[in-house]
Each structure stands twice: as C-alpha cells, then as structure tokens.
Amino acid sequence: MAKAAKQRIRGRGLIQLLFAALTNSFVTGFAAGRIYQGNLKHLCHPGLNCYSCPGAVLSCPIGALQAVIGSRAFHLSLYVMGFLLLVGATLGRFVCGFLCPFGMIQEWLYKIPFPWKRNRFRGDAALRYVKYALLVVLVIALPMLLVNDAGAGSPTFCKYVCPAGTLEGAVPLVLLSGKGPQTPTDAALPAGPLQPQALPGLPAGQPILQGTTALPGIAAEPVYRTGALFNWKMTVLALVILLSVATYRPFCKYLCPLGAIYGMLNPVALYRLRMEDSLCIHCGRCRKACLMCLDPEHRQNQAECVRCGDCVNACPTGALSMGFGEKKRFGETAGTASPAGQGRG
Amino acid sequence: MKRTPPRSRAASPRTTPVRNAKKSRLWIPLSLAGILLIALGAARGEVDTVFRKAIMICLECIGIG
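Same order as they appear, the protein sequences are chains W and U. Numbering-wise (the numbering used here), the first sequence opens with residue 1 and increments by one. Numbering-wise (the numbering used here), the second sequence opens with residue 1 and increments by one.
If you are wondering where the hints come from, they were derived from the structure by calculation, not from laboratory data. Misleading hints may appear alongside valid ones.
[As the list claims (entries may be wrong)] Listed next, with one range per pair, are the computed distances between beta-carbon atoms: (1) U:Leu32 / W:Ala246: 38 to 48 Å; (2) W:Phe121 / U:Ala39: 38 to 48 Å; (3) U:Ala39 / W:Asn39: 17 to 27 Å.
[Claimed, not checked] From the derived model, a few chain W residues whose C-beta atoms are all more than 10 Å from chain U: (4) Arg128; (5) Ala141; (6) Ala238.
All C-beta atoms, glycine included, are put in the ideal place defined by N, C-alpha and C.
In isolation and in its complexed conformation, chain U is listed as follows (with noise of 0.2 Å):
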C-alpha cells in the first residue's frame, strides 16, 4: 500500500500570510512584557532576594541539608 505523505500544514485554509506574520512578530510584545517585569520586580526589590539566596550554599536545595 502506497504511504501517503502527511499533510502539510501549509495548505490548512486556516492559516493566513498575515496570520503568519502576526505570530512570527509575537516575540516583540512578549519581550516588552519582559523587561517590563524586570524592572517592576527589580523596583520591588526582588533583584536582592535572589541575590540574598545565591550567596549563601542551599543546603536544602542541594540535598545536603
């Protein structure tokens, strides 16, 4: 029996060129987003907690505690 190859998505009608273009531009906003939080997470002062946390060895994270 002859395999039939599997169907391209690009022939789906749902799929448009500016659909396409869309979502091959999503990363911009999401980017955006990024650094926005970053910056509001740094203002609350989330940057230290972290810092605060990786400066000292994790016991617990590491099994050793």
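Same shape as in the complex, but just chain W (with noise of 0.2 Å):
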C-alpha cells in the first residue's frame, strides 16, 4: 500500500479518536459518576453520542429528537431537523465514517481476529432498509403517539434498541454508581420528563442547575433499577457487539436512524466521492476494498457510503478521491459538469 493511502488510514483513525475524545472529554463525569451539565450540552454532536453518558458535553441527536417530539409543548423538532440537515447536507455519512464514536468503536471490534468475517451474504441489502423503519417509527411515531397521561412521549428508540446509550450511558453508570454527588434523573420529575421547575427542594423559576454542582434534594446516591429493560438493553449490546467482530459496522448498516437520515443526504452533499473516469483502469480493486459492500466505481454516493476512504486507498491510479463539491478540471470554471462525472449517485 503506498505511503500516501497508509497516511490517510492513520489519519482517519487519529480524527475519530480525537473527536470522541473531544465531545467526551467530562472527565469527572467518569471519576464522580455524574454527567456534564454545562451549556454545551444545548449543542448537539453529529455522531450517535449518548447524552447521559457521564463524559459526554454534547447532546445526542436522535435522544433530543425523540425528546423534543416526545414533550408536551412540541410535536416536532425544527430545531434538531435542522441541524440534522445542514450537517447531513454539508457533510453527508463523512460523520459515521470520522465523527461517530459508536461507528469508531464497532470498527475497532472488527480488527478482533475472527475465522467468520462475513460482509457479502443473501439478505444483506434488504436489512439495511431496517434502519429506516426504526426512524420512521421508534424515532418519530411512537415518541408522538405514545403518550402517557401528562402527554408526554417515551423515547422508544433509546428506550428499546439503542446500544450506544448502554453503552456509553448505562455501563459507566451502574459501575460508577455511588461515587460522589450525582446528577439528577428524570426519575424524579412528578409527571413528565420536561419539569425542572417541579424538582424537590427548587423554588419555581430558578435556574435548575449550574456547572456541574448537584442540586439540594436530590438523591445523593441514586437507585439505578436493572431490571428486565436493562437486561434486554445488554443483549442488544452483546449481540452489536458480537456482530461487529464478524461484520463490519452492522449498526451502522442495519439499525441506525441517524445513518438513514445521513444516508438519504449522501448523494447530495457537499462532501462527496469523486470519480475521474479518464484514470480508471477498472481493475476492481474499489469494490473488493469496500467493506460497506458497495461499487465506487459505478456509483459514488450511495446512502450506505460511510466515507471511510478505503476505496479511495485501493485505487491504484488515483481515479477516486473525496473531498468538499466536485473537483475542478483545467480549463473547467465553478459550476460546469464535465461529461465525463456526469450522473454519478
């Protein structure tokens, strides 16, 4: 592999870490068992990054979807619709590829030694349509049908499905519990999740929380139930987390709503895979490389790409590149096609 391909691997895996390590880096969060409350937490992160894990100073799309669609004063978030877009647009599935710490942890599993490694097998495309099922209804239908009696939501999909958030939430939680001032839990909100006024031992209309100090009347040393959910939230992990020793990203692939929302903006997007016909030889060696399964040579911005860039490594002519809008020929001004990039995916 040439020097250049090596540098670039290298590089990518040097972006997901310093990023995860980045939105993550609330380090007393992991030694105290508490999570951030400071107002980046208004923010939220373009990756799958679980709000209630105790480094995390983003918060998750998806859990803020389901939070805003869920509450009783909005049945929809223009706000996380938003961001989504314009990420999704600027930046299409570059995040699963470089700013998703999830998609960085599933890629880490699938370096484990495995006699089974399978990617190519019947069935594969039609379960990654799963994804977009799980967004149309544990991401957006349910949250807004499911109410309980205060008319708030459930956020089904963290709920239920949601490895990432067992992962990064409920693990570090339960083995941290009991160490030091806790945050509050939305187990002690009366009636609905979105009452901070009604929390004991507030006055109405103060400001629930500064910093990261705990607040009077909350638990000191908080009950965390593992019960039937939580062992069903453990299978899911266990079985994430097996797969991903065997298949490459299968969250990423089959169950993630965010990947489908990304995924829907791939072929349009900003960021994009280029493909200069005139050096390609056709030898193949794109597809082979790919691990999502797909034909970069054919078409390069299909809604599984997740931007990883082997394709672009494999290529042994430099046909293939990627970067930000279409790459510009000699003698080509902005915004003239050529014939030859014409009707790429």
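Join the two chains into one complex using the hints; note that each chain is given alone, in its own frame.
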C-alpha cells in the first residue's frame, strides 16, 4: 500500500479518536459517576453519542429529536431537524466514517481476528432498510403518538434499541454509582420528563442547574434498577458487539436511524466521493476494498457509503478522491460539470 | 463465457451535465433550509427542551429506569 494511503488511514483513525475524546472530555463525570450539565449541551453532537454518558459534553441528536417530539410543548423538532439537515447536506455520512464514536468502536471490534468474517451475504441488502423503519417508527411515530397521561412521549429508540446508550451511558453509570454527588435523573420528576422547576427542593423559576454542582433535594445515592429492560438492552449491546467482530459496522448498516438520515442526504452532500473516469483502469480494487459492499467505480455517493476512504486508498491510479464539491479540472469553471463525471449517483 | 462489465451510469441518456450540476448544488438550499429550521426551533424554545433533557440522566433512555 502506498505511503500516502497508509497516512490517510492513520489520519482517519486519529480524527475519530480525537473527536470522540473531545466530545467526551468531561473526565470528572467518569470519576464521580455523574454527567456534564454545562451550556455545551444546548448543542447536538453530529454522531451517535449518548448524552447520559458521563463524559459527553454535547447532546445526542437522536435522543434530542425524541425528547422534543415527545415533549408536551412540541410535536416536531425544527431545531434538531434543521441541525441534521445542515450537517447531512454539508458532510453526509462523512460523520459516520470520521466523527461518530460508536462507529469507531465498531471498527475497532472488527479488527479482532475472527475466522468467520462476512460482509456479503443473502439478505444484507434487505436488512439495510431496517434502519429507515426504526427511524420512522421508533424515533418519530411512537414518541409522537404513544403518550402518557401528562402528554409526554417516551424515547422508544433509546429505550429499547440504542446500544450506544447502554455502552456509553448505562454501563459506566451502573459501575460508577455511589461515587460522590450525583446528577439528577428524570425519575425525580413527578410528571412528564421536562419539568425541571418541579424538582423537589427547588422553588419555581429558579435556574435548575449551575455548572456541575449537585442539586438540593436530589438523592446522593441514586438507585439504578437493573431489571428486565436493562437485561434486554445488554442483550442488544452484546449482539451488536459480537456481530461487529464478524461483520463491518452492523449497527451502522442495519439499525442506525442517524445513518438513515445522513444516508438520504449523502447523494447530494457537499462532501463527496469523486471519480476521474479518464484515470480508472477498471481493476475492481475499490469494490473489493469496500467493507460496506458498494461499487465506488460506478456509484460514488450512495446512501450506504460512510466515506471511510478505503476505496480511495485502494485505487492504484488515483481515479477516486474525496473532498468538498466536484473536483475542478483544468480549464473548467465553477458550476460546469464535465461529461466524464456526469450521472454519478 | 466472457463477463460483460456493468453499464456505466455515465452512458445513461437520462442524465445531463445540467442535471448533474443541479444535483451537486442541492446542498446549498438544503443547508439554508437547515439554518432556517435551527433558527425557528431556537426561537420557539426547543433548545431549552433539548438542554433540560440532556443535563439529566435519562434512566429510561439507557435502560436503568
């Protein structure tokens, strides 16, 4: 493999690691078993990163989407949808390949040697539609329609499926429970998940949380009930971990609703995979290198492409490249697509 | 039997340079729509809803509630 390709692979791994570390940099949370409560949590993380993770400094977009849809005040989240549209239209699934901590964990797991590694199998194509169904049913429809007496919906995807929440939130919190002052939990709320002023010990109208200090009236030793729901979620997590060893990014391929949203925007996103037809020798190495089982020679910007760049690294002639916008060629002005590059999906 | 290579989409008569150029620029209106939605959502107070949810450990979200 060429030196430049090796550097690109190392570079992507480094970006993944740095971004995951940066967006989970609340080290105190891991030490004390509590979560970050500062102002950065007004913003969403572009990837799947549970906001109940002790280190997380940003909000999970899928959790936030369900929270707003399931709230009594709103049934549609313009803020989160706008954020996802902006990120998706500019970066597409570059987020999956470079910025998602859970994607990075799956890639690490795939590096574990295993005798039965399979990415191409019958039913793979059909299974990839499951994530769209999860997006519509568990992320949008059920939190909107299935409400309690107080009119608040439940975050059904997080509750029943999301293995990222189990790995990044539940496991560390259960392991760290009982270490110092705790973050309040939404179980402390008397009715509905979004009534912070109704917390015990707080007069109405008082700012609920300042920095990362514990609140008066909040139990210092929270009881984490690890019952049937926890067992179910641990089973889902264990399955995803085992599958990640055998197949490349199974959660991203089949279950991730965030990947479904970014996938729909991938064909038109500014960050693109580009093909120089005149340089292509049709050797098929890009197709063999693609762990998402795509054909970059003929379709560059499919919904499933996570922009990992393996095809670019495998290309012996440099016909494939990744970057923002279409590649400008000599004598070509901005906005003029060359016939060689037309029709690329 | 000789295997024929898959037909390139570039040969498709349905795609034109103009259509392709339009598609490659679709990110601009979509990004602008995204910014507009963010502003509208922020104006009606959704950011606080996101914040309030994110600063409390969501027990049912992570399966320990």
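Against the structure, the hints come out as follows:
1. Between Leu32 (chain U) and Ala246 (chain W), the C-beta spacing of about 42 Å keeps the proposed range 38 to 48 Å intact.
2. The beta-carbon spacing between Phe121 (chain W) and Ala39 (chain U), approximately 45 Å, falls within the hinted interval of 38 to 48 Å.
3. Checked against the hint of 17 to 27 Å, the C-beta distance between Ala39 (chain U) and Asn39 (chain W) comes to roughly 19 Å, which is consistent with it.
4. The Cβ of Arg128 (chain W) sits about 20 Å from the closest Cβ of chain U, beyond the 10 Å cut-off, so the non-interface label holds.
5. No beta-carbon of chain U comes within 10 Å of the beta-carbon of Ala141 (chain W); the shortest separation is about 18 Å.
6. The Cβ of Ala238 (chain W) lies farther than 10 Å from every Cβ of chain U, with a closest approach of about 13 Å, so its non-interface assignment holds.
Hint compliance for this structure: no hint is broken.
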